[in-house]
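Working from the sequences, and respecting the hints, build out all of it.
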Amino acid sequence: VEAAMSYTGDVSDPTRGPYTLDYYLELARELSALNIHVLAIKDMAGLLKPAAATKLVGALRAEFPDMPIHVHTHDTAGTGVASMLAAVHAGADAVDVATDAMSGMTSQPSMGAVVGALRGTPLDTGVDPRQITRINEYWEETRAVYAPFESGQKSGSADVYEHEMPGGQYTNLLYQSQQLGLAGRWPAIKKAYAAANRLLGDIVKVTPSSKVVGDLAQFMVTNDLTEEEVLERADSLSFPSSVVEYFQGYLGIPHHGFPEALRAAVVRGKRLPNGKEMFHGRPGAELEPMDFDAVRDSLAARYGSKIRNVDVVSYSQYPKVFEDFMRTREMYDDLSVLDTRTFVEGLTVGQEVAVDIEQGKTLFIKLKTIGAPDESGNVEVTFVLNGQTRSVLVKDQHAASDSKERPKADPRLEGSIGSPPPRPGVG
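The opening residue of the sequence shown carries number 365 in this note's numbering; numbering runs sequentially from there.
A couple of the hints might just be wrong.
Quick list of simulated restraints, FRET-style, between CB atoms [claimed, not checked]:
1. 661 - 495: 45 to 55 Å
2. 480 - 661: 54 to 64 Å
3. 735 - 510: 54 to 64 Å
4. 398 - 750: 54 to 64 Å
5. 517 - 493: 26 to 36 Å
6. 501 - 652: 51 to 61 Å
7. 365 - 605: 14 to 24 Å
For the record, the hints were derived by calculation from the structure and aren't laboratory data.
Cβ atoms here follow ideal geometry from the backbone N, Cα and C, with glycine treated the same way.
Here it is in structure tokens:
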């Protein structure tokens, strides 16, 4: 069993509380008492500076000489390689790295850099740099295929030490801000993230608590709210649901408690399904048991009988995400049969692909022409399917159109009723 301590703050800075060296040592003692086998330091935002790595890992190694220590970090500030080297020299047994083509910024530190820095020392990894190069060449080409999904981040940024945004969330929030029309306010969002963290009580920011901070930050920027204005107007503001649920204890109780004044204002007049104002311990202890059989029956009624265990679990945890996934499958069928490049970039005129839809059954598809949008915004796409010319009308989402769509009735939605067919007149 490997247990992770989520790292936040800065143990090398005595003025940066409440996450001090003693906090982490006490947490490690509690985990050790549970008979874990491996202790991990999860530095989700890349806040573990070299000096802090030396201090924290050194103290853990001194107190737990036989406990394997694993360190995970992100390279947002650009100090990841130095921090991992410091952790190794202080006694860490394993550190996370990424192949060079996928490393740096909000990813992990460079594998080649760490291996190269330790080469010829008593801590030599024994990894052949030539093998690293061969692997890296593959991932350089692979990354180019996924370029459309890149967030647009061009470099690291040491201001992570101020806002403490986790690496994965950094790129996600950057993309989300672009979709919300806030791309030009990215610096303001980062500053708001730091302010939101303070408002929430300087919490450990890791999924899902980091989402709460991000939602509050975007809420503040969208509504041009300062930290002081949030506190002053908390009684009248309509906070994001994730913020309300955080203060209701859906994520548990923070180590040093909630900021009571803001908590009371946010949850005033709101109640949990059990009638209480908030949870007072582990939320799961007060929730009703999940009836997975009922969930399966409900999904089968909506989507057919081929409901797998993974579908039941997915819907139980993320109902909206699962419903979006099923809508996509109903519209386009199983897209997993497409190769990655075709799925991401689509076909170019004249290009042909082979798609294996089941064992022994292959479709050969060649794109012939793409027409111009008509007055309804539809585009005629002509292609050859197994030697036969076909054409379909595809809605161009970017084309301007004055036509109004009239959606059909959805039998899965309660209250969704279709129009009756026209009846001939009776003489």
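Results of checking the hints against the structure:
{"no.": "1", "hint": "661 - 495: 45 to 55 Å", "result": "holds, 52 Å"}
{"no.": "2", "hint": "480 - 661: 54 to 64 Å", "result": "holds, 57 Å"}
{"no.": "3", "hint": "735 - 510: 54 to 64 Å", "result": "violated, 29 Å"}
{"no.": "4", "hint": "398 - 750: 54 to 64 Å", "result": "holds, 60 Å"}
{"no.": "5", "hint": "517 - 493: 26 to 36 Å", "result": "holds, 27 Å"}
{"no.": "6", "hint": "501 - 652: 51 to 61 Å", "result": "holds, 53 Å"}
{"no.": "7", "hint": "365 - 605: 14 to 24 Å", "result": "violated, 34 Å"}
Hint check: violations occur at hints 3, 7; the rest are consistent with the structure.
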